Each structure stands twice: as structure tokens, then as C-alpha cells.
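Since chain A is already given, all that's left is putting chain B on it; use the hints.
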Amino acid sequence: MLSTARSTETVIEAKDLSVGYEGIPVLTGINFTVASGEVFVIGGGSGCGKSTLMKAMITLLPPIDGTLRIAGHELVTGGEAVVESVRHSIGVMYQGGALFGGLTVLENVRLAMEENGLYTMNEMNSLALSLLAMVDLDEHCNKMPSALSGGMQKRAAVARALAMNPKIVFLDEPSAGLDPISSAEFDQMVVRLARSTGRTFVVVTHELPSIFTIADRMVVLGGENKTQLAIGTPKELLESGPTDVRRFLARQPEDQTLQGAAS
Amino acid sequence: MSPDMESTTGTTVIALEGALDDGRVRDAWEDLVGRARAAGSGSVVVDASKLQTVSGSGLLLLAEIRRTVVWAGGKIEMRGLTADQASLVERAVGHKPPTARVKDSTFVSDVGETAFRLLHELADTVRFIGEAAIDLVHAIGHPRSLRWRDLLRVMGQSGIDSMPVTCMLSGIVGFIIAYQMMPALDRYGAADQTPTIMGFAIIRELGPLVTAIILAGRSGSAFAAEIGTMKVTEEVNALTTMGLNPERYLVTPRVLAVAITTPLLSVFASFAGVLGGWLPMAARGMSLELYLQNVRSSIDQVDFLQGVFKAFVFAVVIGGIGCRSGLKTQVGPGAVGASTTRAVVAGIVAIIVLDGVLVGLFHTLGI
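Line by line, the protein sequences are chains A and B.
The working numbering numbers the first residue of the first sequence as 1 and each following residue consecutively.
The working numbering numbers the first residue of the second sequence as 1001 and each following residue consecutively.
Chain A on its own, in the form it takes in the complex (with noise of 0.2 Å):
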């Protein structure tokens, strides 16, 4: 288990938030904080909500009530504005990594920034190589996306994700569709990314061996209503969390008796 969080600067704030489509909600009584250099995850059940969440968090869809504050701006009553300065201060890697087809692993890397014109070309390309190489992909800047396997795809939206150099990294399902190995450095990954540029990340992801090797806290979704189950470190969820929290963190069905807490 990781160290908890290592600020006391809240970046994510959510009080009695609710979010849905099409203004009915489908997760209702969201309560939670990250702190500034928290690895955060949202767990739960397949169909709980974890995505809606974050289309929320990520300005995709926008929260239906309560209190949902990005980065200091608040997302509930926030116009267009709000939305734009929340998405220059997050990074986002989508489920299958999202990289745009046409552009180069560099390419995918320098375009937030091309588009914000705040580097020259050569400045661009240093930057992109450095995000690159610390996801371990400098050898493969030049190739276009197809010639990577998915778990190169993931780490290169990982460095797209930071280029613009944001207080927030959202990382959606990041172990979906990797083999065991993939997947475990991936985490690690995380974890090192985290702790060397004090990022918060926030992780929806399902897959129990990631949550206890990149989790500072995480709250976990469910329940018929679709509603926060309970929040806290994994290994206090799993051995005091409510049942449901418990069964879900020990890999236990309903018909099934729930066993004393792994340790």
C-alpha cells in the first residue's frame, strides 16, 4: 500500500452531486475529495456509474446537481468558461488510449500544445520526447499509432495526457484489454509518475490488483439506487467496509459467503 495523500490542497471536491443524462440522474449522493498528488479511485461493479462519474469530472457531460469543484472551478452552476478553464487543467487517457490516427506518436504528444502556441517547434518536439521517454516510448515516437500494441497506445495517451501539464491526469479502465504483465506495469507506471511530478490522478478502473497496487483511497459505486457505497484506503474497505464494499474488494458473488478479509 501507498503512502495517503500527500497535500492538503483539495482538487476535487464533490458534496451531494448527482449526475446522469439528459438531466435524469443516474448516480445520485457523490461525497468525496482528492487531495493535490492523491491517487484516486473510482471502483465498482460493472454498470455502477464509475464512467459517468468521470464524463462529469472531465467536462463530457455536464453534473445535474450538488457541488462538483475541478481544479477550484465549480462545475455545477460554472458556465463555458468554467468548463474551458477546467479542461486546460486536466489530462484525460481514454479507455483504448484515443490517439488520433493520422499524427505520429510525437505528433499525438505536441498537438495540445501546437494548438496552444505557447512553444516553438523545436521546444515542442524536446517536450514530447521527454513525456515520451517517461512512459518508455522515445524509440517509437515516429511510429503512427496502429504499428503499437494497446498497452503502447495507453502509456503514449498517458504522455499526451501531461503534455499540457495538467494539476489533474484521468485515467479511464487503464488495465482493459492488457495481459497480466501489461497491466502490472502500467501500475507501476502510475504509481511512479505520481510520486515524481506530485500529479493527482484520478483512476476509474475495476481490476482489484490495480486498485491495491496504485490506490491511495478510492471510493467504490453501487447499490440498487447507484449511489457512493463508502470511501477509504482499499484495505480498510476491505476489511471493515460495508458488505457489498467488502464482497466486491474480496472478488466474492452474492451467493457466496463472504470470508473473513484477506490480508
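Hints are supplied without guarantee of correctness; some may be wrong.
Said to hold, decoys possible - In silico contact screen, one side only, chain B against chain A (beta carbon under 8 Å); selected entries:
1) ILE1172
2) ALA1238
3) THR1240
4) GLY1243
5) GLU1247
These are computed hints drawn from the structure, not numbers from a lab.
All values derive from a computational prediction rather than experimental measurement.
Beta carbons are placed, not taken as given, at the ideal position from N, Cα and C, and that holds for glycine.
Then chain B, alone, in the frame of chain A:
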């Protein structure tokens, strides 16, 4: 072997023996399920203790019997199944009886809803194309903001690559029109007016129209498929969360590319159409030089510019519709295909309707 069935005091007993394989299930299904249904809310006992083998479809038959009895409010006991078989049959019953689908719409409400949806779509499309046109003007004023690589790639695809097929089709259309028109003109002794009519018809009308139809089939569909795939793979979301405007990033270079190439292509298509119209005249001994002279004398710069202007308008509309279809792509395996179809159909309908509007407008303006 037929199933053994008997009724005792209020309890229906279904005794099965031998092998409940696929063939036997097919033969016995209606009969056994009918017996279970006839039991109503009574008790049913299924005795499978003498069954030697049960196939997968046999278990489904047992589940259907169980479901029929349970959902009718009756009681059922299954004997002689292994624990795993009994568990599977019990689970297959489901949680609750399906409720009948209530049709909450009528023909009139369906028509009304469809009309409102189409109007909403139309308004949204007009808004989108308007925004694309504004972005186009912005891009021309700020060329550094353009994705030049995309612009040149799409110009190559929609211009140079489309040239052969567009010119060939336009030439054939020109040939057919001239060939079909000549007998009618012959009746009035006016076959020598064919070049005049060809000049009008091809340069003002058919050249731009054929070009636009090819554009809808090639570039409109390609835009919808490219952007639709990017939507499905979350690349559009990635652009959004990177703070880049997907409409400006993806739509502007594509619409600008076709807005540049289509008028040029239309000029070539018109020339090919006029040449196609010469072939039937050549068979009657008219030289190409004389034919072109007659065509030239029948049209002026305004006719020519009218055709070029139409091609430009068609290009912006088709490009806009193709890109919008891509951005509106839903999820699912058929989503990109549906967007592509919508782009082509809507594009062709739009240009023909728009052509009618432009003809009326030019006529009113006396052009």
C-alpha cells in the same frame, strides 16, 4: 419414446424416462408445455428420476415447464435432477413474467413526432453549416490555425482522385442528353440548336449537379465515416477535453478543401459534359470546332459563374452534412454505417432541393 403423463388428485405428474435429447424435445415441447399450462395455478410434479440423459435443449424444456407453472401462480416440484441441473432450471425461470408491451403511440402521433424530429434535424443542420461557414471565414483570415495536412489530403481525395469518375459520368450524361434531345429537336428542324441547349444545361445545371452527387458519394460519406470512427474511438472526446474545438479542428479543413476543389472540378465536369454532347453531333458531321463555337456563343460569363457558384454552395452543404453526420454518430456496431448512409442520402436530397431554390432565386434576380 413418448413422455408418460398422468393426473392424480389435482396434481399433474409428468414422468420422463430415457433420453431427453434434441429430437424428442422438438416433438414433445408443445404437448408438455401445454400440460403445464393446463394445470393453471395447480401443482405439477416433473419426475425425471428415470431420465438417462438430458441435452441442453432438454433443460430448456424443463425450464419452460417450470416457468409456465410458476408464472401462472402454481407450484412445481422437480424430482430426479442433479443439483446443478436443478439450479440451472430454477435460474432459467427468470425473475418476473414479461409485461406486455403497451403501444403508447398512434399513427398520427408517429407522423407528428417524425415531422418534429425532421424539422429539428433540419434546423440543427442549417445551424451547423452556418457555423462551419463562419469557421471557414475565420480560417481564411487566420491561416496558421488551419490543419494544413488535413486540408491538402482532403483536397487531393476530393479533387484529383475524383476527377476521372466525375468527368466520365458528366461526359456520359452529356452524351445521353444530346442523343435523346436530337430526335425531338429534329421534329421542329432545330437539331442545330443542340449545342446551345447543351451549353445551358451542362454548364449552368448538370455539371455542378453531377459533381455534387459524386462529392456526396465520395467525400460526404468519407467525412461521416472518418469522423464517426473518431467519435466511436473517443478521439472526438479527446479533442474536447484537450481544449480543442472538434468542429473547428475536424470540420473546417474538410469543408474548406471541398469548397476549393469542387468548383474547379465542376468546370472540368462541365467541359466533359459538353464534349460528351458533341459525340451525337459528330455522327451528323458537325466538327468539334463548330460545336464548341456554338456552345460558346450560347453562354456568357454569368452562366459560367452561376455554375461555379452553385458548385461552391453544394460543396459547403455536402461537406457540412457529412461532417455533422460523423459528429452525430451513436454507439454500436452499425453506427458508423448509419452515419455514412445518412450523409449520402441527406447530401443528395439537400443539393437537389437547394438547386431548385437557387434556380428560383436566379430567375427572380433575372440572372
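Hint check results:
{"no.": "1", "hint": "ILE1172", "in the structure": "35 Å, violated"}
{"no.": "2", "hint": "ALA1238", "in the structure": "4 Å, holds"}
{"no.": "3", "hint": "THR1240", "in the structure": "7 Å, holds"}
{"no.": "4", "hint": "GLY1243", "in the structure": "4 Å, holds"}
{"no.": "5", "hint": "GLU1247", "in the structure": "14 Å, violated"}
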